[in-house]
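Working from the sequences, and respecting the hints, build out all of it.
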Amino acid sequence: MELRKIIGPGLAVLVGIGLVGGLVFSAFNKQQHDRIQADADSVVTVRGLVGSEKEAFYRDTRVVAAFKRLGLAVVVEKAGSREIVARPDLKSFDFGHPAGAPAALKLQQAVKANRVFTPFYTPMAVASWRALVPVLEANGLVKQRAGAYYIIDLTRLLQMIASGTRWRELKDNSVYDTGRAVLISSTDVRKSNSAAMYLALASYLLNDSNVVQSDEEIRKVLPIASGLFLKQGFQEASSAGPFEDYVSMGIGKAPLVMVYEAQFLEYQSKLPQLNADMVLLYPQPTVFTKHVLVPLTPKGVRVGEALVNDHELQRLAAEYGYRGADTAHFQSFLMQKKLFAPASLVDVIDPPSYETLEKMIEAIAVKFQ
Amino acid sequence: MHWHRYLLALACVLALAGCDKAAPDAAADAAQAPAALTILAGSELKDIEPLLPDLEKATGLHVQLKYAGTLDVVEQLQDGVAYDFAWIANNKYAMLNPPARERIKASERTMISPVVLGVKAAKAKALGWDDPARSPTWAEIARRAGTGDFRFAMTNPASSNTGFSAVLGLAAAVAGKGDALEAQDIDKKALTAFARAQGLTAGSSGWLAEAYLREQDKLDGIVNYASVLHGLNQGGKLHEPLVLVYPKDGVITADYPFMLINPARRAEYDKLVAYLKGDAFQKAMAAATFRQPINPAVASVLPRRDYFELAFPAKLAVVDGLLDAYLNEFRRPADSTFVVDISGSMNTGGRIEQLRTALQALAGEDATLSGRFSRFRERENISMLTFSNEVHARQRWALGTDRQANGKTLADISAFAHQLQTQGGTAIYSAVRDGYEAALARQAKAPDRVYSLVLMTDGENNAGLSISQFREWFASLPPEQRRIRIFAVQFGEAKRDELEALTEPSGGRVFDGSKSGLKAAFKEIRGYQ
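So the protein sequences, as listed, match chains A and B. So for the first sequence, the numbering used here puts the first residue at 9; every next one is plus one. So for the second sequence, the numbering used here puts the first residue at 49; every next one is plus one.
Misleading hints may appear alongside valid ones.
As a list, the in silico DSBU-like pairs of lysine-lysine whose alpha-carbon atoms are at most 30 Å apart [to be verified]:
{"no.": "1", "chain 1": "A", "residue 1": "K278", "chain 2": "B", "residue 2": "K319"}
{"no.": "2", "chain 1": "B", "residue 1": "K236", "chain 2": "A", "residue 2": "K239"}
{"no.": "3", "chain 1": "B", "residue 1": "K236", "chain 2": "A", "residue 2": "K307"}
{"no.": "4", "chain 1": "B", "residue 1": "K237", "chain 2": "A", "residue 2": "K375"}
{"no.": "5", "chain 1": "B", "residue 1": "K331", "chain 2": "B", "residue 2": "K114"}
{"no.": "6", "chain 1": "B", "residue 1": "K225", "chain 2": "A", "residue 2": "K151"}
{"no.": "7", "chain 1": "A", "residue 1": "K346", "chain 2": "B", "residue 2": "K236"}
{"no.": "8", "chain 1": "B", "residue 1": "K153", "chain 2": "A", "residue 2": "K278"}
{"no.": "9", "chain 1": "A", "residue 1": "K99", "chain 2": "A", "residue 2": "K298"}
{"no.": "10", "chain 1": "B", "residue 1": "K319", "chain 2": "A", "residue 2": "K375"}
{"no.": "11", "chain 1": "A", "residue 1": "K239", "chain 2": "B", "residue 2": "K331"}
Think of the hints as simulated: they come from the structure by calculation, not from any bench.
Now the structure itself:
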């Protein structure tokens, strides 16, 4: 900050010499000072630990301004959603805002929060490439309906992953000639929500379209479910990683990436023009990632209330690709940015209970050793 | 003092940034020059140095880079050495190492460069590798290496990220599973075939590129970052341009993560990350280094190519196992000569003790990460010559593949190092010649080994051959006998220029043992042997 550098030494001198300060003071309009005074008094700083996917939202100057209007200066740090609860410095924050209901529930229990807030949510989807769509269609995995691409046979796709099917072995594949195994890349399931949601989805399908509940069911789904993650090799802890692979390294690194719909839409909306090579595939069924804010202090409650109730904040959340209680914001965002997304997704499953998901993740973690 | 509070609020408004920050801090900051923020950086990042003034100007932050090899960075993180940030070519190995991972509070990629094979144009054409549409697989590359169709330069995979990425890429690709490598999938035959063709090794990617320029007529190619290879092609010093070969089944890409180590520097970290990912830096970086911008909106100087990325293993044991196997089983075995000075002056300031410890560390008495990867290896031949005004001891050890026998041999080496005593004057160059001639005699019988000679001296030459006499002798050797590289560790009063004159004709280099100590210098040299 150039400006600050110049102001800094001046300020040091001024603070040292009270007289000069008085002079500067008198040179300013009294009314203006009263306003500055009022702002300085009423704005409280609130610290939040948020899932990495929401970092840009919280740092958006318009979001900052909207919070400021409500007397809040929100300062955030990002972390893997599943890591938030384990942070040794958790106590130094006013709220946690992980992605995913299970991670939020765990946090809520850990900090004994009475109230939580769910200002927005986003469905899980698979980011892929237009060039691959014909191959996926030819193999009966993907189908276009009403403008959107759906993964119509995710169960079979999971089985292909489990059996080590190569891209080269797919029917009518002349575009992606590689011995690489078909895989959906995700974040590290031990650390991050988006991978945990992938697991939620996979375990449901592998359990004959039932939410996994019993230990027996866990045992049944694990052999295939753990392979989905182990076969990927090294994984990034936060959801920004695989998505960054997708946008910066492209199809050669990331043909299929488990992402939040919001991530994809927000990225596209910010490009000077839409990248038509990128497509979003909606698994059928899919699962929602709810972005639940868990307050740790009364100041955190204020942030939660603001996100749920403030019209402007809801509108801005839609600009980040999130869906909220009022779908109008999301629809007008799509229209404005010439983006497409299905208005509603009907086939949506519930994630397993926090304990069940945790058990599955722990069992997979052991296999990573 | 009411005016005081007004002033603080006013300062906040004017300064725009950091209104939550107490103004007295800002005043204190401004009153004294800010201390430099420390960055532990991979040696590849030296080419960023010219861009730092702009970075400092734009961010108002003062940064200081301290360079180290990738493995060394991991070790320093693991050991808790204090830095504000770290910045290396690839941090996946660090992220698999729990104590190092623990220290990485945040990580953001900054640029991209795949590790690929640069092959001389005519050779690439002859091998059919010059058409990007028909790139060879790693298995094909390994096969051609095994049949002696081409020889290449590559860094030591345990010391440097490019060698590491190539070996990992090869291993992952030839395992043939198409997903993450597991220990049981390592294809020893392919890796051994590949390693046979490694005609030049080094401990760092930058030095390897320089050494390649010197020895390019004896080699067919070099493994390095695509950006470095592009730089060589642009640099005007190549006798023949290099074709960049991206193996068809994929490569491992460096993504240069910038990491927060000191959590108290979060605000500065965010500022630096924003700058590093911003258009200004990305553009300047792409122009200066030829790396690809991480920011897809910024154009790449090096033509963008489509290539596959191979999976990085998920388990530390897989990576470590591969490195150990490369050094112990796959690589061409080394024949390493150490010519060490035990003259009277080594008796001062604990020098002889340092020498003993350094040699004992190489014999296995160093449990650190760098110790693990720099120790004497299976199948390696070790010669040690001690000298003062004459050569005292000429000791040789041959390590085999039997673990128990090797343990005994290493204990012998350690005991030898332990009993070293100082005496007499300093006849450096006569001793080096003595060691070199013995190595030549062994080379004539077993030409497949990787020969090298390391001189460690702490003083001035005051007996025997002079440096110019040594150089005359060296120059009189037939060219094929001048290929054993001579390295020197400068220590104490040793003369840098003389040591450079000694090492230069052989393609070796001088390492400084005074600053970081003899042990560190010896470990670094192991990357070149």
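Any hints this thing doesn't respect? Which numbers, in order? Failing hints, ascending: 3, 7, 10 and 11.
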